[in-house]
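Participant: The chain contents come next:
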Amino acid sequence: MDLTSLYTDIVFEHDKRPLHAGLREPFAAEVHHVNPTCGDEITLRLQLEGEGEQARVADLSYDATGCAMSRASASIMADLLIGRTVAEIEPIAAHMEQVMHARGKETGDEDVIGDAVALTGAAKFPNRVKCVLMSWKAYQAALLETRVLGER
Amino acid sequence: MDLTSLYTDIVFEHDKRPLHAGLREPFAAEVHHVNPTCGDEITLRLQLEGEGEQARVADLSYDATGCAMSRASASIMADLLIGRTVAEIEPIAAHMEQVMHARGKETGDEDVIGDAVALTGAAKFPNRVKCVLMSWKAYQAALLETRVLGER
Amino acid sequence: MDEQTTRGYDVEAVRADFPILQRRLDEDTPLIYLDSGATSQRPRQVIDAEVDFLTRDNAAVKRGAHRLAEAATDAYEGARETIARFIGAPSAEELVFTKNATEALNLVAYSLGQGEASTPEHLRVGPGDEILVTEMEHHANLVPWQELARRTGATLRWIPLADDFTLDLTDLDSLLTERTKVLAVSHQSNVLGTLTPIRRLAEAAHAVGALVVLDACQSVPHMPIDLATLGVDFAAFSGHKMLGPTGIGVLWGRAELLAAMPPFLTGGSMIEVVTMEGTTFAEPPARFEAGTPMVSQAVGLAAACDYLGALGMENVAAHERALTTRAIEGLRELPGVRVIGPDAGPDRAGAVAFDLAGRHPHDVGQVLDSRGVEVRVGHHCAWPLHRRYGLHGTTRASFSVYTTEAEVDALVEGMGAVIDFFARFDR
Amino acid sequence: MDEQTTRGYDVEAVRADFPILQRRLDEDTPLIYLDSGATSQRPRQVIDAEVDFLTRDNAAVKRGAHRLAEAATDAYEGARETIARFIGAPSAEELVFTKNATEALNLVAYSLGQGEASTPEHLRVGPGDEILVTEMEHHANLVPWQELARRTGATLRWIPLADDFTLDLTDLDSLLTERTKVLAVSHQSNVLGTLTPIRRLAEAAHAVGALVVLDACQSVPHMPIDLATLGVDFAAFSGHKMLGPTGIGVLWGRAELLAAMPPFLTGGSMIEVVTMEGTTFAEPPARFEAGTPMVSQAVGLAAACDYLGALGMENVAAHERALTTRAIEGLRELPGVRVIGPDAGPDRAGAVAFDLAGRHPHDVGQVLDSRGVEVRVGHHCAWPLHRRYGLHGTTRASFSVYTTEAEVDALVEGMGAVIDFFARFDR
Ligand SMILES: Cc1ncc(COP(=O)(O)O)c(C=O)c1O
Ligand SMILES: Cc1ncc(COP(=O)(O)O)c(C=O)c1O
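Protein chains in written order, with the working numbering: chain V, 1 to 152; chain R, 1 to 152; chain Z, 1 to 427; chain U, 1 to 427.
Any given hint could be a false lead.
Coverage of chain Z stretches by chain U, computed from C-beta distances (three or more under 8 Å per stretch; other residues unrestricted) [stated by the list, open to error]:
#, region
1, 167-177
2, 191-198
3, 216-224
4, 328-338
5, 408-422
Here are the simulated PhoX-like cross-link-like pairs (lysine-lysine), alpha carbons at most 25 Å apart as the crow flies [unchecked claim]:
#, chain 1, residue 1, chain 2, residue 2
6, R, Lys130, U, Lys62
7, R, Lys105, R, Lys137
8, R, Lys137, U, Lys62
9, R, Lys16, U, Lys62
10, V, Lys16, Z, Lys62
11, R, Lys105, U, Lys62
12, R, Lys16, R, Lys130
13, V, Lys137, Z, Lys62
14, V, Lys124, V, Lys105
15, V, Lys124, Z, Lys62
16, V, Lys130, Z, Lys62
Just some of the chain V residues that point at chain U, by a computed CB distance under 10 Å [to be verified]:
#, residue
17, Pro26
18, Phe27
19, Cys67
20, Ala68
Worth flagging that the hints you see were computed from the coordinates, not collected in a lab. For each residue, glycine too, the CB sits at the ideal point set by N, CA and C.
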């Protein structure tokens with residue numbers, strides 16, 4: 001079994017020196033996600049600038065405990081999303097989800113998901129898919145929450 | 001399969017013309033027993049004369065619905081027990097129980113259980129054992145109840 | 001049987017898949033199994049699927065990260081998808097595995113009675129609420145609702161049975177009111193064979209805001225079912241009645257309802273976060289599957305669905321309908337025999353219960369058994385139904401994919417012999 | 001392995017009975033299954049027992065009067081007797097079949113919370129009462145008690161864990177008081193391997209009138225158990241952890257307690273009389289076995305008991321003790337590895353959990369898996385225990401009758417490789 005497709009240098013780089021880590025103020029929404037199978041946890045805060053689809057991620061801060069894959073995924077995602085608009089992020093998140101559920105039959109497009117291609121090796125390991133996607137799910141939940149809060 | 005060991009003439013005689021059937025007064029205890037598997041029911045009333053082991057069954061009346069085996073068993077039992085003392089009945093009931101649980105490997109002693117030997121063919125048919133023993137269990141429950149009531 | 005073969009349904013080929021049908025009860029007596037409504041037999045495809053799983057992929061599901069655990073989890077979740085497709089569930093996530101249909105019905109009844117303030121009003125049964133069942137229910141779809149009423153202070157009401165062996169809907173409007181929180185009804189009576197007008201009932205229930213719980217134990221094994229279009233909110237059925245293993249049942253529930261319901265059994269694999277002070281719970285279906293599930297049995301049940309799917313449920317239904325008609329017509333000819341259920345027709349399916357005047361069903365069954373004809377006798381876990389018709393019990397023949405016309409004929413002949421046998425004593 | 005063979009325990013002969021152990025994970029990788037604490041593998045004797053039953057005697061139990069139903073009922077009740085003997089239960093009637101240990105524990109928790117006035121005081125948990133558990137419990141023996149407390153207004157308290165991975169009994173006298181209705185505790189921790197001083201705890205609990213519920217999931221499969229002399233009132237365990245099928249668990253309870261307890265799941269086969277207005281219930285164990293039970297699985301579990309009995313549970317325990325000692329000693333030599341559990345000795349048995357400094361267990365398990373070493377990673381359904389020791393999870397190896405010393409060595413070597421693998425990235 002080939003572990004190097006899973007544990008790339010990029011994964012370990014992010015695991016050791018995660019980007020944008022830590023919880024910061026201000027934030028519009030905070031969510032806490034857990035993978036009950038293995039106990040991995042992420043707290044994620046999202047701060048937007050602007051309205052609707054054109055809102056821009058001003059900050060995305062987080063505190064993640066978990067395996068190398070899940071921590072690296074949070075770090076890569078934060079770096080990828082900060083500064084982009086919600087509209088720009090949508091296809092990135094969709095591509096990420098699709099590749100991760102393809103069981104290794106699709107390779108990620110680096111132009112779309114950047115460093116996150118380093119994580120797509122996990123798609124061959126069904127039990128690691130959740131590790132990678134947990135932070136993405138947390139982002140989506142946080143986004144939803146900013147909208148719900150905005151509507152109030 | 002030999003059905004004649006189960007359905008003897010005596011069984012049908014008692015099924016058709018049950019002895020001591022019907023519910024009568026006076027009675028010291030009344031119990032209601034059910035076989036939940038097939039829905040057979042018996043209501044049994046017991047009237048004793050005297051005290052303790054030497055008490056005599058003055059009357060045993062009952063209302064039984066169920067298969068031929070269970071109705072015949074009630075009829076035969078009533079005829080066997082009325083007039084005997086509790087002490088005399090004990091070995092009869094014990095013998096009945098033993099034979100019925102022997103899966104056909106023991107034949108009943110006619111000197112002890114009288115006509116009830118005609119029922120012991122059912123011991124070869126595990127699902128019929130309960131049919132035969134239901135009235136005997138009801139007698140024992142009624143006896144216990146007279147004692148509990150007596151102690152109050 | 002020839003007739004069936006020409007219709008394209010080859011019952012002898014089907015029988016060859018069921019090893020137990022070769023057995024004899026004693027030297028002279030082949031097995032004539034007419035008790036499939038209680039439990040069906042298993043084809044070797046189902047047995048083999050379980051054995052293959054156990055000798056190749058067995059491991060703890062969902063909790064393991066290793067490859068064997070992944071293979072087991074794939075098998076388990078793959079089975080959920082196969083079964084979901086078989087019953088037309090919109091999503092596999094709407095299927096909860098239970099130990100039998102009885103647990104599935106209890107699950108709903110207990111969850112609705114948890115009484116947590118955070119549960120939406122329509123999923124919470126309390127004092128003043130009403131639960132509506134019918135007089136024909138199997139105890140599994142009656143007693144849990146009696147108990148829910150007792151625990152919560154709600155009131156149990158019921159739709160009565162009519163003399164023609166169907167539900168008496170005359171007073172439906174006064175039985176089904178704004179107070180009704182739940183309507184629990186079976187799709188097909190396990191005694192009468194009666195099919196309930198489920199679409200109509202579900203519509204009426206939804207019009208007053210009640211949930212509809214369907215006991216599908218006797219329909220899923222015997223006819224094509226498309227849960228998405230039946231109009232019900234929950235459905236329960238058992239593996240062992242549809243050629244699958246014992247020890248597994250299914251609760252199907254609408255996703256949005258399951259998502260809002262509190263758990264029933266609690267423990268491992270259904271939690272989100274656990275501390276000593278308190279616990280939060282996972283999303284459905286995990287929320288309702290506490291502890292190690294019945295993995296090999298799920299695989300077996302999926303194989304049973306594949307088997308039935310390959311036969312075609314339309315063909316299965318037609319096959320069993322023909323047997324039902326034949327049984328009813330044959331039995332009706334016999335003196336003293338009364339079929340307890342509607343005449344053969346579109347509103348009834350295959351459970352054929354009957355009464356022999358003056359004879360207790362236990363005695364009837366005993367004589368049939370001596371001829372190898374295995375039928376069920378008693379109240380069939382539907383005691384109120386029998387009481388309604390003044391009966392202590394009935395004798396019931398029920399069919400499955402492997403039942404032949406010759407077996408139905410053996411039942412009818414057997415009943416002739418029963419009548420003769422007891423006549424001897426009626427001098 | 002030679003050593004074991006000379007001790008009279010022929011592990012290779014045992015392995016030959018387990019078909020799955022021949023499988024490879026991929027071409028180069030034999031299966032090294034060290035996750036038996038999660039679920040064990042099945043010997044062909046167990047598989048065959050189920051298949052034989054299904055192809056010969058399968059029918060609905062207890063409800064049928066025909067010969068096939070009798071054969072099935074005999075098999076089912078015979079299995080109950082075999083299992084009762086295996087665990088030293090005074091009577092087979094004290095055994096209730098459930099779907100898993102989790103259901104068994106929920107059964108007790110729900111029954112004690114039914115709140116019926118007719119239930120004796122000591123079997124009724126209500127406001128002001130206390131339930132005592134421990135900080136090391138599996139979620140299955142924790143969450144049901146949290147939920148019981150929530151439903152009834154009782155208070156949950158717990159015995160804490162000490163730094164030495166045993167229960168801290170310092171404050172037992174203030175935790176276990178006249179208010180305590182139930183003490184629920186596991187016999188052996190599924191993470192630490194710690195054996196609890198169950199006789200002492202049961203005595204203390206009985207002294208204040210509390211019931212004692214034992215989670216025996218990790219003891220029954222691994223050591224001789226004589227329930228009659230353990231001093232507990234209830235015990236729960238699962239078939240799938242003791243070479244038996246999934247889909248079956250056992251609740252053992254003292255006859256006089258079961259006899260006085262209200263039912264939990266309701267439906268068919270557990271009733272006495274049913275009317276629309278109300279229902280009375282059968283005697284135990286039937287009262288607690290609603291619906292069609294897991295018949296073939298009971299037969300399989302009895303075969304597993306026979307298999308373990310033939311090996312001799314003393315021999316099984318000695319075999320696994322030797323493996324545990326070997327694993328602990330091997331792992332302790334490795335840099336950064338810390339065993340989470342007591343040292344090898346009489347007060348601990350075989351679940352060997354460990355931590356590798358700076359590495360998440362999920363990553364550890366992944367590398368071990370690449371070498372065919374199948375261990376479990378995470379919190380093992382004992383989240384509070386992990387939190388107590390400041391851990392997010394551990395890696396756990398666990399053993400069974402078929403585990404070899406060579407497999408334990410493969411684990412230790414595998415951990416060496418894990419350390420090397422990750423060191424590469426730690427530049
Ligand atoms: C100590 C302990 N208790 C309870 C359980 C729950 O058993 P099951 O999942 O079979 O219900 C387990 C196993 O997961 C266990 O190890
Ligand atoms: C109509 C109906 N409902 C419910 C059940 C209960 O199913 P199970 O015993 O498998 O839980 C049965 C079968 O016994 C049934 O026929």
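Participant: Indicate, hint by hint, whether the structure satisfies it.
Facilitator: Checked hints:
Counting residues of the region 167-177 of chain Z whose beta carbon lies closer than 8 Å to any beta carbon of chain U gives 0, which falls short of the minimum of three for the stated coverage. Here's how the region 191-198 of chain Z fares: 0 of its residues keep a CB closer than 8 Å to some CB of chain U, so the rule of at least three is not met and the hint is violated. Taking a C-beta to C-beta cut-off of 8 Å, the region 216-224 of chain Z contributes 0 residues in contact with chain U, too few for the three needed, and the coverage statement is violated. Given a C-beta distance limit of less than 8 Å, the hint that chain U covers the region 328-338 of chain Z is violated, as 0 residues qualify and 3 are needed.
Coverage of the region 408-422 of chain Z by chain U is violated. Counting CB-CB distances below 8 Å, 0 residues qualify, and the rule asks for three or more. Between Lys130 (chain R) and Lys62 (chain U) the CA atoms are separated by roughly 12 Å; this keeps the pair inside 25 Å, and the hint holds. Of the supplied pair hints, the one linking Lys105 (chain R) and Lys137 (chain R) holds, its CA atoms being roughly 22 Å apart against a limit of 25 Å. Distance hint between Lys137 (chain R) and Lys62 (chain U) is fulfilled; the C-alpha atoms sit about 19 Å from each other, no more than 25 Å.
A C-alpha spacing of about 28 Å is found between Lys16 (chain R) and Lys62 (chain U), which places the hinted pair above 25 Å, so the restraint is violated. Our distance criterion of 25 Å between C-alpha atoms is broken by Lys16 (chain V) and Lys62 (chain Z), whose separation comes to about 28 Å. Between Lys105 (chain R) and Lys62 (chain U) the CA atoms are separated by roughly 23 Å; this keeps the pair inside 25 Å, and the hint holds. Restraint check for Lys16 (chain R) and Lys130 (chain R): satisfied, since their Cα atoms lie roughly 20 Å apart, inside the 25 Å limit.
Taking the CA atoms of Lys137 (chain V) and Lys62 (chain Z), the gap is near 19 Å; set against the 25 Å cutoff, the hint holds. Taking the CA atoms of Lys124 (chain V) and Lys105 (chain V), the gap is about 8 Å. The hint holds against a cut of 25 Å. For the hint pairing Lys124 (chain V) with Lys62 (chain Z), the CA-to-CA distance comes to about 17 Å; that is within 25 Å, so the pair holds. Only pairs whose Cα atoms come within 25 Å are accepted, and Lys130 (chain V) paired with Lys62 (chain Z) is accepted, the gap being roughly 12 Å.
The beta carbon of Pro26 (chain V) comes no nearer than 29 Å to any beta carbon in chain U, farther than 10 Å, and the hint placing it at the interface is violated. For the restraint placing Phe27 (chain V) at the interface with chain U, the shortest Cβ-Cβ distance is roughly 24 Å, beyond the 10 Å limit, so the hint is violated. Checking Cys67 (chain V) against chain U: minimum C-beta separation of about 4 Å stays under 10 Å; hint holds. For Ala68 (chain V), the shortest C-beta to C-beta distance to chain U is roughly 5 Å, which falls under 10 Å, so the interface hint holds.
Violated hints, in rising order: 1, 2, 3, 4, 5, 9, 10, 17, 18; the structure is consistent with all others.
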